[in-house]
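Chemist: Residues 1 to 228 in the numbering used here are what the sequence shown spells out, letter by letter.
Keep in mind the hints are simulated off the structure, nothing from the lab. Note that the coordinates shown come from a computational prediction; the quantities given were computed from them, not determined experimentally. Please note that a few of the clues may not be correct.
So the derived label-pair ranges between C-beta atoms look like this [to be verified]: (1) Q147 <-> I127: 28 to 34 Å; (2) L148 <-> K206: 37 to 43 Å; (3) E111 <-> G60: 42 to 48 Å; (4) A153 <-> R202: 36 to 42 Å; (5) D128 <-> Q156: 39 to 45 Å; (6) P46 <-> I76: 29 to 35 Å; (7) T155 <-> Y125: 41 to 47 Å; (8) M96 <-> K129: 45 to 51 Å; (9) K150 <-> A205: 36 to 42 Å; (10) A179 <-> L216: 21 to 27 Å; (11) P46 <-> L95: 31 to 37 Å.
Below 16 Å or equal to it, Euclidean Cα-Cα: the simulated EDC-like pairs (lysine to aspartate or glutamate) are [what the hints assert, rightly or not]: (12) K157 <-> E219; (13) K206 <-> D171; (14) K206 <-> E167.
In this text, a Cβ means the ideal position worked out from N, Cα and C, and glycines have one as well.
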Amino acid sequence: MAFKRDSKKSTAITPVSRGALTKNNGGTAGQFQINRDSLVAQVVPPGGMQMMNEISQGLGGIDILNPQGWTKEQVIQANKMAQDLDEKMMMMPELMPAVMKFLQFQVAQAEFQAEVMTEAFKAKYKIDKAQAKAFVAYFAYMRKASQLEKRIAATQKHIDAAYAHFETVQDARSNAILAGLNQQARLGVSAVESQAELASKRRDAKAENAQRRRQLRSELRTGHLTAN
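Start from the sequences, fold in the hints, and give me the full structure.
Modeler: Below you can see the structure in the form of C-alpha cells.
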C-alpha cells in the first residue's frame, strides 16, 4: 500500500523541532543544538533522578548525566573513589560473619531479656499474692486478738468485783467472830486463860480467813481456764 506524498509540506529539519541551521559566509555549514533536559527526561525514568544524584555525589560530585561537563580531575577522583570502594567490597565478605554474629547476639539478648522479664513478672505476681495472703491473715488475727482482749478485760472486771465483794464479806465475818470471842471473854473466863484462848482463836480465825481468801482468789483467777 503506497502513501501519497504531500508536495506542499517540506521534510526538512525545522529549527523548532530539530535545532537551528545557520549559514556562515554563504556556506552550507550548520550548528545542531540538542535539548539536553528533554533527552535526560526521556532516558532516565521517573524517580531515577534522585538515584543518579546520589551516585554522582558518591563519586566525588561528578555529574554522570552530563558527560560534556566532565573534567580530567573529576574522572581521576572518581577512579580513586572506585578503587576505595573495590577495597571495601573485598572487606565485606570478611566483615559479614562479624555482622551476623553481632545480629545473632542482639536477637539472643532481646530473647534473654524478654524471658527474664516474663519470669520476673511471674515471680512478682506470686510474691504479691503471698504477701496479700499474709496481710489478710495478719489483719484477721488482729481483729480476733482485739475481740479476745475485750473478753479478757470484761472477765477480769467481773473477777475483781467478785474478789472485792468476797473480801468485804470475809472482813465482816471475821469481825463478827472476833466480837463474839471478845464477848465470851468478858463473860467469866479468867484473864490469862481468856487472853491465851482468845489469841489462839484469833490466830486460827485469821489463818482460816487468809486460806479461804487465797483459795477463792485462785479459783476466781484460774477457774475460767479449766471450765468446760
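Chemist: Could you work out which of the previously given hints the structure breaks and list their numbers from low to high?
Modeler: Violated hints: none at all, because every hint is consistent with the structure.
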